[in-house]
Amino acid sequence: MSTQVPAGYKWWTGGKSPYNVSYGKLMMWIFLLSDTFTFGALLISYGTLRVSQPYWPDPNHVYNTFPFMGEANLPLAFVSLMTFILIMSSVTMVLAVHEGHRRNRAGVEKWLLWTILGGFMFLGCQAWEWTHLITGHHPVLIDGVVQEIGTTISRNPFGPVVPGLMHDGHPVTVPGPVGFGGFFFGITGFHGFHVFSGVMLNILMYFWTRNGRFDRQGHYEMIEKVGLYWHFVDLVWVFVFLCFYLI
Amino acid sequence: MSNEIAIQPGISGHEVHEHHEAHHHHETFITKYIFSQDHKMIAKQFLITGMIWAIIGGLMSVLFRLQLGYPDLQMPWLEDIFGHWAKDGKITPEFYYALVTMHGTILVFFVLTAGLSGTFANFLIPFQVGARDMASPFINMLSYWFFFAASVILMSSLFVQTGPAAGGWTVYPPLSALGDASQGSKVGMDLWLVSLALFVVSSLLGGLNYVSTILNMRTKGMTMTRLPLTIWGLLFTAMLGILSFPVLLSGFILLLFDRHLGTSFYLSDIVLNGTKILPNEGGSPILYQHLFWFLGHPEVYIIILPTMGIVSEVMSVNVRKPIFGYTAMIASLFAIALLSFLVWAHHMFVTGMNPFLGSVFVLLTLLIAVPSAIKVFNWLTTLWRGNIRFTPAMLFCIGFVSMFISGGLTGIWLGNSTLDLHLHDTYFNIAHFHLVMGVAAFMGMFAGVYHWFPKMYGRYMNNTLGYIHFWVTLICAYVIFWPMHYEGFAGMPRRYFDYMGWESFKQFAELNKVISFAAILSFLVQLSFVFNFFYSIFKGRKVTTTNPWGATTLEWTTPIRPGHGNWPGEIPEVHRWPYDYGKDGREFIMQTEPVGKDESSH
Chain F
1 MSTQVPAGYK WWTGGKSPYN VSYGKLMMWI FLLSDTFTFG ALLISYGTLR VSQPYWPDPN
61 HVYNTFPFMG EANLPLAFVS LMTFILIMSS VTMVLAVHEG HRRNRAGVEK WLLWTILGGF
121 MFLGCQAWEW THLITGHHPV LIDGVVQEIG TTISRNPFGP VVPGLMHDGH PVTVPGPVGF
181 GGFFFGITGF HGFHVFSGVM LNILMYFWTR NGRFDRQGHY EMIEKVGLYW HFVDLVWVFV
241 FLCFYLI
Chain C
248 MSNEIAIQPG ISGHEVHEHH EAHHHHETFI TKYIFSQDHK MIAKQFLITG MIWAIIGGLM
308 SVLFRLQLGY PDLQMPWLED IFGHWAKDGK ITPEFYYALV TMHGTILVFF VLTAGLSGTF
368 ANFLIPFQVG ARDMASPFIN MLSYWFFFAA SVILMSSLFV QTGPAAGGWT VYPPLSALGD
428 ASQGSKVGMD LWLVSLALFV VSSLLGGLNY VSTILNMRTK GMTMTRLPLT IWGLLFTAML
488 GILSFPVLLS GFILLLFDRH LGTSFYLSDI VLNGTKILPN EGGSPILYQH LFWFLGHPEV
548 YIIILPTMGI VSEVMSVNVR KPIFGYTAMI ASLFAIALLS FLVWAHHMFV TGMNPFLGSV
608 FVLLTLLIAV PSAIKVFNWL TTLWRGNIRF TPAMLFCIGF VSMFISGGLT GIWLGNSTLD
668 LHLHDTYFNI AHFHLVMGVA AFMGMFAGVY HWFPKMYGRY MNNTLGYIHF WVTLICAYVI
728 FWPMHYEGFA GMPRRYFDYM GWESFKQFAE LNKVISFAAI LSFLVQLSFV FNFFYSIFKG
788 RKVTTTNPWG ATTLEWTTPI RPGHGNWPGE IPEVHRWPYD YGKDGREFIM QTEPVGKDES
848 SH
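Protein chains in written order, with this note's numbering: chain F, 1 to 247; chain C, 248 to 849.
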């Protein structure tokens with residue numbers, strides 16, 4: 001595809017692709033544009049509801065735990081690790097695509113496996129974080145009684161602190177905005193579903209590579225298309241990370 | 248990637264041809280008619296599914312027009328058919344709301360989006376850009392079958408005990424989010440949401456194919472400015488769908504969560520039926536309206552842009568003149584497509600939005616009048632001093648322009664936020680959008696069906712029935728919708744079950760009878776079109792030449808009954824734009840004819 005073209009070459013005259021890409025890649029690009037609008041709508045909805053609330057939990061306070069570290073206060077450490085894993089899986093995907101260009105089947109297989117592993121690790125981290133949020137109970141003052149509740153789509157323990165009230169050595173809060181959990185689980189879940197789909201696609205690509213399908217076709221373009229999708233999912237995570245953990 | 252390998256990647260066009268000829272008789276019934284990957288067959292599948300939906304949706308309007316025209320009449324046969332939905336021969340209020348909701352959903356999405364774009368994008372894009380099939384015939388087939396699944400689910404919702412969705416076709420929460428709030432918000436609402444989600448997938452798969460086929464698969468010489476306007480209309484339609492439907496999907500996902508998981512995206516501070524206090528807080532029903540109308544407004548252009556393209560093409564063929572202002576037509580399509588994303592809040596002037604924000608949306612909305620007017624003037628100028636052949640397709644083109652003007656002008660009224668405060672949700676609004684995107688889109692669709700029927704089935708439709716179809720439809724459309732403007736001025740709200748309890752609306756009792764009579768008549772005449780369509784498939788007059796209308800575009804260079812792959816030999820090369828009519832003393836010059844040495848430029 002990337003052959004030298006003379007200057008003044010007319011791309012739009014028909015009989016060829018104006019962008020010098022196959023229809024399959026073009027479709028993937030347009031699909032990603034469409035999916036951008038899906039995520040965009042969800043994130044903008046989150047933003048509008050969030051700014052309409054008088055109080056919103058501080059992410060540094062909500063996401064401050066790390067597996068096996070007990071009660072240590074490590075704000076955003078775990079999510080940084082998750083993000084690092086996902087970005088590294090994009091790097092291995094790039095390497096898989098690169099080996100595909102060189103038509104090196106063994107190289108493609110190796111880097112696809114690393115990408116699949118990265119994807120599963122990210123999903124595992126997400127599962128841990130969800131579980132921790134749902135089961136990690138915090139004392140909240142509800143109807144005059146202190147109750148221990150976790151973060152779910154309809155409950156949120158991270159409201160403003162009740163001055164002077166302690167429970168088992170923890171400050172007691174009032175319930176926080178319920179939209180917090182709804183949007184957090186909704187949007188990270190929707191993103192996680194995309195990652196999961198990407199991992200499944202990568203596994204399919206791995207088996208197709210192994211049985212020589214792309215060698216028979218003479219090119220590894222399918223790996224590139226799945227790679228585009230994988231990088232997109234990665235890019236979306238950057239925005240999810242920004243909107244839920246940093247702001 | 249060249250066009251030759253569209254169908255069978257990896258082999259040349261010549262081999263495609265031989266492959267096709269050699270294996271033609273091996274096509275089974277299932278691969279040819281059911282799970283077909285041929286764009287022509289998929290187009291027919293969309294068209295016939297759309298027609299079935301149109302009959303059902305039209306029949307629903309007949310039922311609720313019976314209620315509106317004759318609120319006191321008892322029709323025991325209704326109870327025989329619908330049981331407790333029509334107790335004592337009268338439609339119940341729940342049934343009425345279900346009927347108007349499903350009428351809107353079916354006509355907007357299943358008929359005028361899938362039935363229209365699905366038919367003509369599939370049928371015309373490969374033909375008119377000069378491709379053997381869509382970029383991905385397999386994804387194209389999936390697009391139809393997702394639509395089919397959506398259809399089955401929506402159809403099944405008509406038969407559940409609590410009935411289909413019944414909160415209006417926009418399904419605004421909180422009504423649609425709370426199953427306890429009404430009959431129509433129970434399982435019927437879930438089926439509605441699932442069906443529409445599948446519909447979005449179908450639309451996306453179709454749209455990806457349409458855009459990449461138009462951009463990538465054009466034959467040699469087919470520059471973008473040599474594309475027929477049908478293709479331009481379908482290109483912008485597909486782009487609108489690709490960018491706006493996902494936002495609707497997001498809105499539906501959140502709505503489903505609110506319905507079943509106890510989230511509070513759209514719900515806050517609700518007391519249900521005066522007794523039950525709901526725990527939801529912090530959500531905003533207005534958020535749903537934003538998400539819905541971000542699709543909802545482009546959606547009306549998804550409906551009308553394909554018909555604008557069809558009308559431009561069919562009109563030019565039948566006035567034997569080039570379309571007036573080809574470039575202006577493309578530019579105005581582009582302007583309309585772009586502006587359609589920036590005007591959604593004009594559906595929400597009465598939600599209590601900031602008046603300053605409202606005025607921005609008023610300005611942007613009124614701007615759409617400019618490209619729309621450019622198109623109207625171009626059509627009128629194309630007709631001007633044309634050598635018009637009054638085929639049924641041509642009559643429907645003229646009907647389209649008439650409807651588009653009548654309905655479009657009232658859009659300028661409704662686009663003003665101050666006027667909209669009075670006219671919002673009245674019959675004025677009903678009249679406006681039925682004329683400008685309902686009847687007008689149907690007229691354009693009929694024009695397309697009558698015009699391309701010979702290419703679809705190798706036979707003509709019956710002209711006499713076509714003329715009757717056109718005139719009765721045109722007259723009935725005005726008889727139905729013109730008086731609704733007056734009712735709307737008087738403040739008569741839409742979606743009410745019975746108006747006779749209001750002194751101010753009693754004056755319209757007789758008028759409503761007239762409207763209902765015309766609605767029933769126009770429904771019956773559509774059945775004559777359906778009869779004409781199916782009768783002509785088998786018994787219509789046979790087409791004897793490849794180019795019966797004397798048109799210039801590529802689909803008329805294929806055999807009368809083209810096989811899978813469209814052209815038996817090489818795909819023709821294109822040398823000129825598609826509107827060389829009445830040039831240098833010749834009636835028409837096909838796009839495939841090289842430009843002569845002494846030819847004048849257009």
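It is worth saying that the hints were derived from the structure and are not from the lab. Heads up, the beta-carbon is just placed ideally off N, CA and C, and yes, glycines get one too. Treat the hints with caution; some may be incorrect.
Said to hold, decoys possible - Restraint-style ranges between C-beta atoms, simulated for each label pair:
| hint | chain 1 | residue 1 | chain 2 | residue 2 | range |
| --- | --- | --- | --- | --- | --- |
| 1 | F | F193 | C | S775 | 21 to 29 Å |
| 2 | F | M200 | C | E840 | 32 to 40 Å |
| 3 | F | V238 | C | S775 | 53 to 61 Å |
| 4 | C | M747 | F | F193 | 48 to 56 Å |
| 5 | F | F193 | C | K523 | 51 to 59 Å |
| 6 | F | L117 | C | L668 | 56 to 64 Å |
As the list claims (entries may be wrong) - Derived DSSO-like pairs: lysine-lysine, alpha-carbon spacing no greater than 30 Å straight-line:
| hint | chain 1 | residue 1 | chain 2 | residue 2 |
| --- | --- | --- | --- | --- |
| 7 | C | K753 | C | K467 |
| 8 | C | K844 | C | K830 |
| 9 | C | K467 | F | K10 |
| 10 | C | K844 | F | K16 |
| 11 | C | K467 | F | K225 |
| 12 | F | K16 | C | K291 |
| 13 | F | K225 | F | K10 |
| 14 | F | K25 | C | K279 |
| 15 | F | K10 | C | K830 |
| 16 | F | K10 | C | K844 |
| 17 | C | K291 | F | K25 |
| 18 | C | K279 | C | K789 |
| 19 | C | K291 | C | K467 |
| 20 | C | K291 | C | K279 |
| 21 | F | K110 | F | K10 |
| 22 | F | K16 | C | K467 |
| 23 | F | K110 | F | K16 |
Quick rundown of the hints versus the structure:
About 49 Å separates the C-beta atoms of F:F193 and C:S775, a value inconsistent with the hinted range of 21 to 29 Å. For F:M200 and C:E840, the hinted distance range of 32 to 40 Å is not satisfied, since their beta carbons lie about 51 Å from each other. For F:V238 paired with C:S775, a C-beta distance near 59 Å keeps the hint of 53 to 61 Å intact. C:M747 and F:F193 have their C-beta atoms about 52 Å apart, which keeps the hinted 48 to 56 Å range intact.
A beta carbon spacing of about 33 Å between F:F193 and C:K523 contradicts the range 51 to 59 Å that was offered as a hint. Distance hint check: the CB atoms of F:L117 and C:L668 are about 60 Å apart, consistent with the given range 56 to 64 Å. Restraint check: the Cα-Cα separation between C:K753 and C:K467 comes to about 65 Å, which exceeds 30 Å; the hinted pair is violated. At most 30 Å may separate the alpha-carbon atoms for a hinted pair to count; C:K844 and C:K830 meet this at roughly 14 Å.
With a CA separation close to 12 Å, the supplied pair C:K467 and F:K10 stays within the 30 Å bound. A distance of roughly 27 Å separates the Cα atoms of C:K844 and F:K16; the hinted pair therefore holds under the 30 Å criterion. Simply put, C:K467 and F:K225 have alpha-carbon atoms about 27 Å apart, close enough for the 30 Å limit, and the pair holds. For the hint pairing F:K16 with C:K291, the CA-to-CA distance comes to about 28 Å; that is within 30 Å, so the pair holds.
Restraint check: the Cα-Cα separation between F:K225 and F:K10 comes to about 26 Å, which is no more than 30 Å; the hinted pair holds. Distance check on the hinted pair: F:K25 and C:K279 sit about 28 Å apart at the alpha-carbon level, within 30 Å; holds. Pair hint F:K10 plus C:K830 holds up; C-alpha atoms about 28 Å apart against a cutoff of 30 Å. For the proposed pair F:K10 and C:K844, the alpha carbon gap of about 23 Å is at most 30 Å, so the pair holds.
This hinted pair checks out: C:K291 and F:K25 have alpha carbons roughly 28 Å apart, not beyond 30 Å. A distance of roughly 22 Å separates the Cα atoms of C:K279 and C:K789; the hinted pair therefore holds under the 30 Å criterion. Between the alpha carbons of C:K291 and C:K467 the distance comes to roughly 28 Å, so the proposed pair stays at or under 30 Å and holds. Restraint check: the Cα-Cα separation between C:K291 and C:K279 comes to about 12 Å, which is no more than 30 Å; the hinted pair holds.
Among the hinted pairs, F:K110 with F:K10 is inconsistent with the structure: their alpha-carbon atoms are about 40 Å apart, more than 30 Å. Only pairs whose Cα atoms come within 30 Å are accepted, and F:K16 paired with C:K467 is accepted, the gap being roughly 8 Å. For the suggested pair F:K110 and F:K16, the alpha carbons sit about 34 Å apart, so the restraint of at most 30 Å is broken.
Of the hints listed earlier, those the structure fails to meet are numbers 1, 2, 5, 7, 21 and 23, in rising order.
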